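Those sequence lines, one after another, are chains A and B. Just so you know, the first sequence maps onto residues 1 to 247 in the working numbering. Just so you know, the second sequence maps onto residues 1001 to 1259 in the working numbering.
Keep in mind the hints are simulated off the structure, nothing from the lab. As the structure is a computational prediction, the values presented were derived from the model and not from experiment. Cβ coordinates follow ideal geometry from the N, Cα and C atoms, glycine included. Be careful, since some hints might not be right.
[Unchecked claim] Residues on chain B that point at chain A, a partial pick, calculated with CB under 8 Å:
#1 1014
#2 1083
#3 1085
#4 1090
#5 1095
#6 1099
#7 1108
#8 1141
#9 1143
#10 1157
#11 1224
[Claimed, not checked] SDA-like mimics (lysine to any residue), calculated; alpha carbons at most 25 Å apart, straight line:
#12 A:162 with B:1099
#13 B:1006 with A:162
#14 A:162 with B:1184
#15 B:1074 with A:147
#16 A:153 with B:1185
#17 A:153 with B:1221
#18 B:1191 with B:1087
#19 B:1080 with A:197
#20 A:153 with B:1100
#21 B:1118 with A:143
#22 A:162 with B:1011
#23 B:1080 with A:150
#24 A:162 with B:1068
#25 B:1074 with A:182
#26 A:153 with B:1122
#27 B:1118 with A:182
#28 B:1191 with A:197
#29 A:162 with B:1142
#30 A:153 with B:1113
#31 B:1221 with B:1002
#32 B:1074 with A:197
#33 B:1080 with A:182
#34 B:1118 with A:159
#35 B:1221 with B:1011
#36 B:1118 with B:1184
#37 A:197 with A:182
#38 A:162 with B:1096
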Amino acid sequence: MKTRVLLGPLLLLVIWSIVATSGWISPLFLVPPWDVAMALLRLGKTGAIFLDVGSTLYRLGVGLTTGIVLGIAIGIAVGYSQRLYSSLEVLIDFFRSVPVAALIPLFLLFFGIGDRAKMATAGWATCLIVLVNTTYGVRNCRIARLMIARTMKANWFQTLLKVVLPDSMPQIVAGVRTALSIALIVVVATEMLMGTKAGLGKRIFDSSMTYSIGDMYAAILLTGALGYCMNKLFVMCERRLVHWSGR
Amino acid sequence: MQWMVKADGISKSYVQDADGRAAPVQVLLSVDISVGTGEIVTVFGPNACGKSTLLRLIAGLEPPDEGNILVGGKGPEQAKVGFIFQNFGDSLFPWRRVIDNIAFPLELAGIPLPQRRKATQEFLDTLNVRLPLWAYPYQLSSGQQQLVAIARALVFQPDVLLLDEPFSSLDFRARLEMQARLLDIWNQTRKTIVFVSHDLDEAIFLGDRLVLLSERPARVKEVFDITIDRPRLHKVRDTETFSALRTHIMQRFLESGTS
């Protein structure tokens, strides 16, 4: 079972090695895996790659956290109040349909070219996803549970904290899981497009511009691994956090 | 007799169309129902006749269009009502352990965690109810889950316990067990109980009186006294009194129109 999991990646490595050494593709576009490994080692030795990963993670962390907090807060308000929901529905659906990339110039304008713009863009994307999921979760709170709280004289704050919020938790957490991968995309993209000193997106962009193809593949692999691990880790936490989900 | 629940001439209709254009559907029409303190009254009638609506009105979850409801001398909004839904899966809190589900009303009252857990355990002991307190509701059998819901309602010390077809989604054996458990619990607590059922045998077995409702719009067709001695065991279902009562109520149930 365990060995079969490794079969796919192994196969890819073999094909990659064959293709890269066969001379079919110019080494300007594709280098063999061991070159990439060497590049990764070199970048690790100078510490440059750690700075890249750290910078990307930092932007991701701040953007995600802000987006999640705002998304849950607004989502609860919108989910709770029918009036707010009807007045904001079109607006939310509209902004959800605007690709974040299209808003990058706007964020540049408002937040400059520093870290804040990148965090804000990631936060925006996160917030919208979490907001929609939270709203959905709150609006679909089981009526029987609300009625139990009401017959037992819970005030609105107790109802929110002890019934509505935990009841929407599986939905909120699912939103956060989606936001995690979207936010990574956004951060890497802003690092490429807005410019910065360090970051995985910056590393990929610069090395492709200077034809340091080994570095480029190393950074791409690392970004992929980062996203993969984040998702795996989150799914593990999710199972504990919302253990009742789907039962 | 001292009345715990007294409803006089209550009517209720619903607008089914969201725009309010369709004619409203009359669900309850001038229903009178009285439940004495410590009495078990079962409400029996055709499916979808308005039995659940009646319970929701008594619980103060909705106001009646007409008529007056008193629970323990107060308006239903002020009274303490324990409500048991048919669908325990939707009414329990799956994110809480069984003990914290039951302690929920104590938590609302601001009692700290160790005290309320202790109080809950002691309360369950007095009821003679054994439950896996540290499990989560979804790990329990259907009957046990409904027992958790009942215990949670009782911890609240309600004036009246309202049960809306609580056992109808259980399998046959679990249903019989739970009916007996409920009578046990009633025997310990002497709570006033209104029990809605669509199972005639269940309604006779549990009740001191049985209220027969008509087709929608529901009116009270007749109220039957069930003079079977307590404590009741399931074998009373085989007695002459029980089957005579069942036959009689069945006849009235099948008659069209109201009295």
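For each hint, the structure was consulted:
About 15 Å separates the beta-carbon of residue 1014 (chain B) from the nearest beta-carbon of chain A, more than 8 Å, and the hint is not met. At its closest, the beta carbon of residue 1083 (chain B) sits 5 Å from a beta carbon of chain A; the interface hint therefore holds under the 8 Å criterion. For the restraint placing residue 1085 (chain B) at the interface with chain A, the shortest Cβ-Cβ distance is roughly 5 Å, inside the 8 Å limit, so the hint holds. Restraint check, residue 1090 (chain B) versus chain A: the minimum CB separation of about 4 Å is within 8 Å; hint holds.
The restraint placing residue 1095 (chain B) at the interface with chain A holds, with a minimum CB-CB distance near 5 Å, inside the 8 Å limit. Hint status for residue 1099 (chain B): violated, given a least beta-carbon distance of 15 Å to chain A, over 8 Å. The beta carbon of residue 1108 (chain B) comes within 5 Å of a beta carbon in chain A, closer than 8 Å, and the hint placing it at the interface holds. Because the smallest distance between the Cβ of residue 1141 (chain B) and any Cβ of chain A comes to about 14 Å, over 8 Å, the interface hint for this residue is violated.
Nearest Cβ of chain A to the Cβ of residue 1143 (chain B): about 17 Å, over the 8 Å cut. The hint is violated. Of the supplied interface hints, the one on residue 1157 (chain B) is violated, with its beta-carbon coming no nearer than about 11 Å to a beta-carbon of chain A, more than 8 Å. Evaluation of the residue 1224 (chain B) hint against chain A yields a violated restraint, the C-beta minimum of about 28 Å exceeding 8 Å. This hinted pair checks out: residue 162 (chain A) and residue 1099 (chain B) have alpha carbons roughly 15 Å apart, not beyond 25 Å.
Taken as a hint, the residue 1006 (chain B) and residue 162 (chain A) pair is broken in the structure, with Cα atoms around 33 Å apart against an allowance of 25 Å. In summary, the hint linking residue 162 (chain A) to residue 1184 (chain B) is not supported, as the alpha carbons are separated by about 31 Å, beyond the 25 Å threshold. With a C-alpha separation of about 19 Å, the suggested pair residue 1074 (chain B) and residue 147 (chain A) falls inside the 25 Å cut-off, and the hint holds. Distance restraint check for residue 153 (chain A) and residue 1185 (chain B): the Cα-Cα separation of roughly 24 Å lies within the 25 Å cut-off, and the hinted pair is therefore satisfied.
For the given pair, residue 153 (chain A) sits about 34 Å from residue 1221 (chain B) by alpha-carbon distance, which is inconsistent with the 25 Å threshold. Between residue 1191 (chain B) and residue 1087 (chain B), the direct Cα distance comes to roughly 22 Å. Compliance with the 25 Å bound is thereby established for this hinted pair. Simply put, residue 1080 (chain B) and residue 197 (chain A) have alpha-carbon atoms about 65 Å apart, too far for the 25 Å limit, and the pair is violated. For the proposed pair residue 153 (chain A) and residue 1100 (chain B), the alpha carbon gap of about 17 Å is at most 25 Å, so the pair holds.
Restraint check for residue 1118 (chain B) and residue 143 (chain A): the C-alpha separation of about 30 Å exceeds 25 Å, so the hint is violated. For the suggested pair residue 162 (chain A) and residue 1011 (chain B), the alpha carbons sit about 34 Å apart, so the restraint of at most 25 Å is broken. Distance check on the hinted pair: residue 1080 (chain B) and residue 150 (chain A) sit about 10 Å apart at the alpha-carbon level, within 25 Å; holds. Our distance criterion of 25 Å between C-alpha atoms is broken by residue 162 (chain A) and residue 1068 (chain B), whose separation comes to about 33 Å.
The suggested pairing of residue 1074 (chain B) with residue 182 (chain A) is violated, with an alpha-carbon distance near 55 Å, which exceeds 25 Å. Distance hint between residue 153 (chain A) and residue 1122 (chain B) is fulfilled; the C-alpha atoms sit about 23 Å from each other, no more than 25 Å. For the given pair, residue 1118 (chain B) sits about 46 Å from residue 182 (chain A) by alpha-carbon distance, which is inconsistent with the 25 Å threshold. A threshold of 25 Å between alpha carbons decides the hint, and for residue 1191 (chain B) with residue 197 (chain A) the separation of about 72 Å lies outside it, so the pair is violated.
For the proposed pair residue 162 (chain A) and residue 1142 (chain B), the alpha carbon gap of about 23 Å is at most 25 Å, so the pair holds. Restraint check for residue 153 (chain A) and residue 1113 (chain B): the C-alpha separation of about 19 Å stays at or below 25 Å, so the hint holds. In summary, the hint linking residue 1221 (chain B) to residue 1002 (chain B) is supported, as the alpha carbons are separated by about 23 Å, within the 25 Å threshold. At most 25 Å may separate the alpha-carbon atoms for a hinted pair to count; residue 1074 (chain B) and residue 197 (chain A) exceed this at roughly 71 Å.
Of the pairs offered as hints, the one joining residue 1080 (chain B) and residue 182 (chain A) is violated, with about 48 Å between alpha carbons and a cut-off of 25 Å exceeded. A threshold of 25 Å between alpha carbons decides the hint, and for residue 1118 (chain B) with residue 159 (chain A) the separation of about 24 Å falls inside it, so the pair holds. Straight-line distance between C-alpha atoms of residue 1221 (chain B) and residue 1011 (chain B) comes to about 15 Å, which keeps the hinted pair within the 25 Å bound. Restraint check: the Cα-Cα separation between residue 1118 (chain B) and residue 1184 (chain B) comes to about 22 Å, which is no more than 25 Å; the hinted pair holds.
Between the alpha carbons of residue 197 (chain A) and residue 182 (chain A) the distance comes to roughly 22 Å, so the proposed pair stays at or under 25 Å and holds. Between the alpha carbons of residue 162 (chain A) and residue 1096 (chain B) the distance comes to roughly 10 Å, so the proposed pair stays at or under 25 Å and holds.
Hint check: violations occur at hints 1, 6, 8, 9, 10, 11, 13, 14, 17, 19, 21, 22, 24, 25, 27, 28, 32, 33; the rest are consistent with the structure.
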